[in-house]
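Chemist: Respectively, the protein sequence lines represent chains A and B. To convert, take the position in the first sequence, counting from 1, and add 27; that gives my numbering. To convert, take the position in the second sequence, counting from 1, and add 27; that gives my numbering.
Calculated from the structure, these hints are not laboratory results. Hints are supplied without guarantee of correctness; some may be wrong.
Said to hold, decoys possible - Under the rule of at most 30 Å between Cα atoms (straight-line distance), these lysine-lysine pairs were calculated in the DSSO-like manner:
#1 K56(A) <-> K464(B)
#2 K48(B) <-> K37(B)
#3 K350(B) <-> K56(A)
#4 K48(B) <-> K101(B)
#5 K48(B) <-> K35(B)
#6 K98(B) <-> K48(B)
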Amino acid sequence: MQPSFEYSIDAMVRALTQTVQPAVNPEDKAAAEQLAIVIGSLGMLRSQIDHAHWFEHTELADMAALAEELAAALAVELPELRSCAAAHAAAAEARVLAMRHDVTLSTLREASRGLRALVTDLISEGANASAALGERIERIVLDRSMRQIGRERAYVAGAGFDVFPDNLMSIADALNAS
Amino acid sequence: MSTEEMEKYKGTGPVAVNELKVLPDQVVLELEAHRQLYLTDPERAHYWDPAVIGVPGGPVPCLLLEYTGRKSGKTLSMAIQYYRFKGQLAIVASKGGTEGNPAWLLNLLDNPRCRVHVGSQAFDAVARVVTPEERPEWWEFIVREQPMQAIYQARTARAIPVVVLDRVDEELDRQLAQLRERYPTEPTIDQALTRKLRNRSRTSYAIPTLEQVGQRLTRFLARHLDEPFDIRNLRTLTGGASKEQYLFELDWTDNGQRRTGDRMVLRCDPAASIVETARSREFELMRHAARLMPVPPVYWIDDEGEAMGTPSLVSGFITGVQKPAFTASNVTGMGIHFPREYRDALCPQYARYMAALHRSELAPGELPSFVRPKVGTQQASELLVNWWARTWAEDLYEHAPIATLTEQWLRRNMPVLDHLSVVHGDFRTGNFLFDEKTRAITGVLDWELGYLGDRHGDLGWVVTDLYLTYEDGHPFHCGLFDSTDALIEAYEAAGGLPINRTTLHWHKVFCTWKQFILSLGCALRAGDGRSHQDILLSWLSAGGYTLSEALRRMLDQRG
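One chain only, chain B, in its complex shape (with noise of 0.2 Å):
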């Protein structure tokens, strides 16, 4: 084919309707080569720069797909590019708008079922045409992704298919169906959880480069910034289990306003998280609290992780320390132990925001990822209850008798919700931020574990035993308070709603149960080759058999 075809195809010579009949050589042995790297490197190939075969844009992922020939019979495979949309997945029978459809299409058309592999990823699915009044959204969505597909319809008078591929999984369909039976949750925790069961298929996983993050953070925010934007130094960010990290400096125009080197925040998921929640939740919750308390501003989000190819959000970078400098802790921020000087300062601030958090009214609408559970009732706990029972169910390597006893327990004994509130999920040292010199708290973290329930929650979760810290041989909850009485007195002197004593024991027996369940069933799937740092969570999990103490101790006083 002459480079002046080349041309015509690429977009650059003028083309009229149906003049190209077929792909140019040249494109056909590219698309090849990228299908053979698809079979030996799925990691490397999963995002792909077609500037060799004149799509300019940079990178963009693509999926393998596996399909049955109909006059063969063959398994055959071939590479594209793929676009998530509503939760859903496609791909586009562009053909360079070449005339006539592709022969993959075809051979879809004839039988439907075929395999997709996203990466490392692999599921069975079945392909279909979206229909004539589904066309219109997608192809809007399409062509702002790829400018190009506006291209290749412009030269062929057939209107290009998008295909969408609909994933089967029978088996595992079975087995959600039973835990949502026995585990009903809300829908948000839900989609967390049955998106982490059909990634657990995934059979190996490969940290991102920087340069792969900065692509997809560069369309991640080409899709919310109508004005040039730069992104410049970019790198990892440590700290916490869940989620891989980076810092940048965005350069970008906020409501008219040229703003230069604002500091910001991306948090992705990794292929498994010690903590699978929907980044929707998060980020509904910063809002909310930031009306509150001190928290990171939350600018985007990626919920379904269209652009950046796992779920994601944007938030502004917080200064702040997590301990004094002289302190040690163990991971992620436990066992820090504040001294006297800094306890005066810190537990004050500490007790208002979490009591401002617990009195703070929900405008109707507000918080739309939420269920509200019902006051009067034992809602609020059986949800509870319910998520994290079906998370152990998902989770383990090993049953452990102890944690069965304990929920049978939780249930025997569930509380009735008197005021609904919002809970942080995780209000713990580590997970807020203050400044050495004031010691003012500068921000408050890690909301992905919030829910709206009962109060008791946190003030349950500060006091378990996990969090104890000690000085001279006496026990501080989260290295702050030198007793669950003064905890109270605390929160309560800051305007905090009352606290009862019986609804408090069940929460601190609920929250030790989740942070067991966190640790030897979270931590341990999470860290089996599907994290950025599964050494991190393989050391986390040894606090599982602490917690086990914790619950017997618990149990055995109470009956």
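This is chain A alone, in the form it adopts within the complex (with noise of 0.2 Å):
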């Protein structure tokens, strides 16, 4: 179908950068700076727009497989926990949505932020139990962080404030090596 957003927003950036800008009174500096943002905020979303729906794949079902380990790991020592059976019919659930292709952005990621408050439960239990489950809590979400946190940064690198260039990936490799 057509235009594509791609086409779209290189009109945009294309209108806002030849046309508006010059015209934008340079002592209004706050309309330069807001302007200038607009510009480099629509490249991002340029960068961004090809990859959204495998991200947002990708988050759900890395969600919840974080979501499982982290039962699991609890359900050794606090079988009872009734935030662990949660977790695993949220991750569940979370499993055959991301396998679907006609669900909107906004969908999986309404389920996303339902697994990410209970992951956050969960690591508050682990911290409460004994050191030992503590510190296994504690492994398993730094494991997995890696992963997420790069995707993460790939995905908003065009604003220019990594630091981290050594393993600053593309969005394609970032998904690629989830």
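Bring the two chains, given one by one in their own frames, into a single complex with the hints.
Modeler: In structure tokens:
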């Protein structure tokens, strides 16, 4: 279907850069700064949009896997924990959702958000349990965080804030590594 | 009603006590028009000029009050000027000084539950008439704000009631009680965070026009200046992500001396800010620090927003630049890298001022808005962690496993305070100005994140990874120091207190976590339609993911 997202965004950026930006009063520094950020933001969106569905699917699947791994670790010491059962149930639903093509990005994000809240509860439960279990929980989260954070950093690299060039990947490479 | 009667109502003709029985029709019509405006355009109706009903003095802040009719049971409404005093909101049942209390008061006495609209912000409230003991102080404030009230009182035998509207929000009150119990922190921090949550009901935000800001500024300064003054050339000032800032020239009398063209800066809280703290903290810190280093002089504060509609302060303007003219940077001064010749000049000054701040002594009763944590305890660390853990809990859009792990690590490893220091809290490039020619620092800015506690907090902030810059592949802290050792060496050589590396690491982790919360919590919340630069805040939030990586690396090393 035409025009594509990329086509539209490119047209917006050209209009802002070639027509609007020269017309902004240079004395109005707030307007000039915000216009520059809008142009930069559109550029970042353009880099993201092709991978948006892949990103959200991967996020959801990964968060489900994290929730299940944490729940399994906690269940060894705390088999009756209600949050473990809730995590398993939510993870199972999320896996089904992550395999579907006919869902919106916002549905995927909402499901991820729910899993993140459950993961937070599980991490807190781990901290309140034995030192050994707490360390195990921490290790699981840190190991999985590497991939998750790598994806997130790649996704927003266009903003120019990243200070770790040694392991900053492109969006596609970060998603493939997941 | 005749012209003569209208003139009596406006106070320009003699009026006997209880002579005026009812409001003139013209006044009733104008009040109804204002009420209708409030229903359709609350931001425009918020500041209304009552000149149309014969009240001079320019626009005044007004609210829309919804209440229940005691006979009909229907919801009725009216728009009226309000007064903010000592953190409370009140209206006055003067009815132009006519005989008998207004109908809306009779309805409220029957059923005090009401709904208050202040601009586009709405909340439930319970109305109560102030007691005879409370009234004198209230009345003195009210007639200073609105001299016509004194004229109204003189023309009626009844003591005009002052009605306070006490905000009620049971669900929010429950949430606040839970947050306070889980994250006890300083009273002024609690006040600022509570105000933020209460303001969150605001559904839209209109950036005030310069004309509106000028009118409010006039009212604000009139409270503090007895002699005539003139505000000239008011314009917006860019730079910084957290406050609406304006520059103006002021002609005024300072301790008997007439001053002309003093350049002043007005800093106002937007409806939501990336940094939510009390203006009183900033004001007091700047006064304290001015003895030690160049700091903009602070003059007046409107801590509750009684005159400005939002917490504000006025300070002097300082000249200087954030960076060399040819250097690029990201937003708010981040990413500034100084070439060698600039570093040689700036680093010693920077270290000297930081060291002086940390060594400075506090007089008894100084900095009353701050808690003084006890030396020899973990109280300083705990207050900090609770402040930012509560902020994250209130502002997050989605949980982040790395943030949860970090909070747990911080609490397990809290350092003991060895010396109570004044801490700037954001002492980085972008927050000091210097003279391009002499390279002398001309002003240290942005004191709003300051606190009393551990000096390692300021150094920890400087060495966070977010403020790394690079020169020929080599990293620099804040574009100034080529290593942590170099920073510590410069600091201690400048007379700074000894630095403990373990404590410094804790504060580096803490500061990184705080930056994460500011990016992915505060910035996103404030940028959601309630600030004057949402796009900047949205852009800044991207930094949160670099900070996630920084936290992951630090936790992975130490465990």
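Chemist: Next, verify each hint and record whether it holds.
Modeler: Here is how each hint holds up against the structure:
no., hint, result
1, K56(A) <-> K464(B), "holds, 24 Å"
2, K48(B) <-> K37(B), "holds, 14 Å"
3, K350(B) <-> K56(A), "holds, 16 Å"
4, K48(B) <-> K101(B), "holds, 26 Å"
5, K48(B) <-> K35(B), "holds, 12 Å"
6, K98(B) <-> K48(B), "holds, 23 Å"
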